[in-house]
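Peer 1: Those protein sequences? They're chains B and D, same order as listed.
The opening residue of the first sequence carries number 227 in this note's numbering; numbering runs sequentially from there.
The opening residue of the second sequence carries number 142 in this note's numbering; numbering runs sequentially from there.
Heads up, some of the hints might be wrong.
Stated by the list, open to error - Computed footprint of chain B on chain D, listed as stretches where at least three residues anywhere in the stretch have a Cβ under 8 Å from a Cβ of chain B:
(1) 185-196
(2) 301-310
(3) 409-416
(4) 535-548
Claimed, not checked - Here chain D is said to cover these stretches of chain B; the calculated rule only asks that three of the stretch's residues, wherever they fall, bring their Cβ under 8 Å from a Cβ of chain D:
(5) 250-260
(6) 271-284
(7) 292-300
Worth flagging that the hints you see were computed from the coordinates, not collected in a lab.
On a predicted model such as this, the values are computed, not experimentally measured, just so you know.
For every residue, glycine included, the Cβ atom is placed at its ideal position computed from N, Cα and C.
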Amino acid sequence: MSDFINWGALTSVVVVGLVAGAGLPALYALGVRALAGPGSRNGVGRLSPVRVTAAVAFLAIVLSAIVFAIMLIIDSRA
Amino acid sequence: MTEPVLLVLVVATALTFDFTNGFHDTGNAMATSIATRALKPKQAVLLSASLNLVGAFLSLAVAATIAKGIVNAGVVTLDVVLGGLVGAIVWNLLTWVLGIPSSSSHALVGGVVGAVLAAVGSDGVQWDGLVAKVLLPALLAPLVAILVGAIATGLVVRATKDVPQDTNDRMFRWGQIGSASLVSLAHGTNDAQKSMGIILLALIAADAVPQDSSVPFWVVLSCALAIGLGTYTGGWRVIRTLGKGLVELEPRQGMAAETSSAAVILASSHFGYSLSTTHVATGSILGSGVGMRGASVRWHIASRMFFAWSVTVPAAAAVGAACYYLDQTIGSYAVLGLLAVVSVGIFAWSRRKPVNHKNVNDDWDAGTESLIAESYIDHDPSLLVMSKKRRKMEKKRRKRLAKLVKQAKLEDQARLAEQNAQREADHVGLH
Chain B
227 MSDFINWGAL TSVVVVGLVA GAGLPALYAL GVRALAGPGS RNGVGRLSPV
277 RVTAAVAFLA IVLSAIVFAI MLIIDSRA
Chain D
142 MTEPVLLVLV VATALTFDFT NGFHDTGNAM ATSIATRALK PKQAVLLSAS
192 LNLVGAFLSL AVAATIAKGI VNAGVVTLDV VLGGLVGAIV WNLLTWVLGI
242 PSSSSHALVG GVVGAVLAAV GSDGVQWDGL VAKVLLPALL APLVAILVGA
292 IATGLVVRAT KDVPQDTNDR MFRWGQIGSA SLVSLAHGTN DAQKSMGIIL
342 LALIAADAVP QDSSVPFWVV LSCALAIGLG TYTGGWRVIR TLGKGLVELE
392 PRQGMAAETS SAAVILASSH FGYSLSTTHV ATGSILGSGV GMRGASVRWH
442 IASRMFFAWS VTVPAAAAVG AACYYLDQTI GSYAVLGLLA VVSVGIFAWS
492 RRKPVNHKNV NDDWDAGTES LIAESYIDHD PSLLVMSKKR RKMEKKRRKR
542 LAKLVKQAKL EDQARLAEQN AQREADHVGL H
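Can you build the whole structure from these sequences, using the hints too?
Peer 2: Below you can see the structure in the form of C-alpha cells.
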C-alpha cells in the first residue's frame, strides 16, 4: 500500500487543509463574533475599540491568506 | 485520413472538452453561493466564468503531456487523443444530465486509457500509476474534504452560535463569495491547462509547431474562452445537486465548505498530490453537513455520486476504446458523428426536465406550496408562472382531488341513504 499512496504529500495536504481550510473560517467567525456577538455594543450601542481591533486583526489575517492563495495560483504555472 | 484534418478535429474536440469541463464544474465553486443566495444564479456563473477566464491566462507553462505516468508517452497518437477526448466528453455529458458532479480530469484519463488499451493493449498502460494517481486519490479526496469541511463548519458554528442569524448570514455570504472566487480561479488555471496541453501535443505531433514550442497565444485564448463560456452556460443540474441535494446549506456552512475546498485544492496542487476539484468540493459540502448539529445529509444522493466516481474511469475508458476502434475501422469522422449524435440525444433528454437559473434553487422535494412560498419570499412573480410540465402535473393533481371528493360525496350519500332507510325501518318497526 505504501507504494501506492504518497503518505508524505497526503499528510501535508491534510495538515495544510486543516490549518487553512478550517482555521481561516474559524478566524473569520471570531471576527464576526467580535463585531456582532453578545456584549459587543455598550449601553449607547457603540462597539468597544478592543473588539474592533480584534475583528480587524482577524479579517486582516484572512485577507492576507487570500492574497497568498492567489500568489500560489499564479505561481503554480512554474 | 490526412494529418491536417485530424489535427483540426482534435483541436475542435479538445475545445469542446474544455467547454464541458467548465460547464460541468461551475457547481464546484458556485453551488453553495447560489444555494444560500449569496449571489443570484446569473451573477454567480458570470463571476465564476470571468475568474476561470482570468485563471486560464495565468497558466502559461503548459507541458505537452497527457496522462503522464499513467499511459506510456510513446503510444499517445492523435487518434488515441481523439478517442480519449470523446470518451471524456460523453461521460461529462451523461453525468451532467443525471445531475452528478464528476471529475473531468478522471474522465479524460479514463478515455485515454481506453483508447490506449484499444490501440496497443494493456502494455501501454502503467497500472501502478493509474491506481496511485487516479483511483486511490478518488477515494481519499472526499474523505480529506469531509474531514476539513466538518471541522471548519464545527468551529464556525461554535464561534457564531450567539450572533444574530441575519448578521451571520450577511457576513458569511461575503466570505462565501471570496472563497468561491478562489476556487474558480484555481479551476481556470488547472483545468484550462489540460486542454492547452492536449492541443499543444496535437500541434507537435502534426509538426505544426517545433518540438520545444511554448503554447501559441491563440491556443491560450481559445481555451480560456471555451472554459469561460462553458462555466457561464452553467451546469445547472450539477449546481442543483451540489447546492440543494446533498445538504440544506446556510451561509456559514457554505463559507466553511468553500474555504475548505479552496485550501485542500491549493494544498494538493502545491504538494503535487493532485486531488480532483470535484471530489474535494463535494466532500467539503458533505462535511459542512456533518459538522453542523441539526443539519441532515442526504447520504443516498452522496452514495450515487461515489458510485459514479468509481465507474468514471472504466466507463470513459469503454467509450474511449470504442471510439478508437471506430476511428481505425471507419475513420475519424465516424467518431465525431458518434459524438454529435450522443450530444444531441443527451441534450434532448435534458429538455424533458430542464434545470436552469430559475428553478435551480427550488426545494429538493418540491411541492406547489413551497414553490408559492418561495416566490412570495423572493417577490419574484416569474416563479409563479407554471411550466408546461408543472401545469400538467397540477391538472392531474386537481383531477385526482376532484375524483376523491366525488367519491367521498358518493360515500356520504350512500351512508345517508342507509341511515334514512334504517330510520324508516325503525319507524315502521315502532308502529
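Peer 1: Cut-off 8 Å, C-beta pairs, minimum 3 residues; does the coverage of the region 292-300 of chain B by chain D stand?
Peer 2: holds (count 6)
Peer 1: Check whether three or more residues of the region 301-310 of chain D sit with their beta carbon closer than 8 Å to a beta carbon of chain B.
Peer 2: holds (count 6)
Peer 1: In terms of beta carbon proximity below 8 Å, does the region 185-196 of chain D have 3 or more residues touching chain B?
Peer 2: violated (count 1)
Peer 1: Taking 8 Å as the Cβ threshold, is the statement that the region 271-284 of chain B is covered by chain D upheld or broken by the three-residue rule?
Peer 2: violated (count 0)
Peer 1: Do at least three Cβ atoms from the region 535-548 of chain D come closer than 8 Å to Cβ atoms of chain B?
Peer 2: violated (count 0)
Peer 1: Please check whether the region 250-260 of chain B has three or more residues whose CB lies within less than 8 Å of a CB on chain D.
Peer 2: It holds: at least three residues are needed, and the region 250-260 of chain B offers 8 whose Cβ sits within less than 8 Å of chain D.
Peer 1: Under 8 Å between beta-carbons, do enough residues of the region 409-416 of chain D, three at least, approach chain B for the coverage claim to hold?
Peer 2: holds (count 7)
The structure is inconsistent with the numbered hints 1, 4, 6, although it conforms to all the rest.
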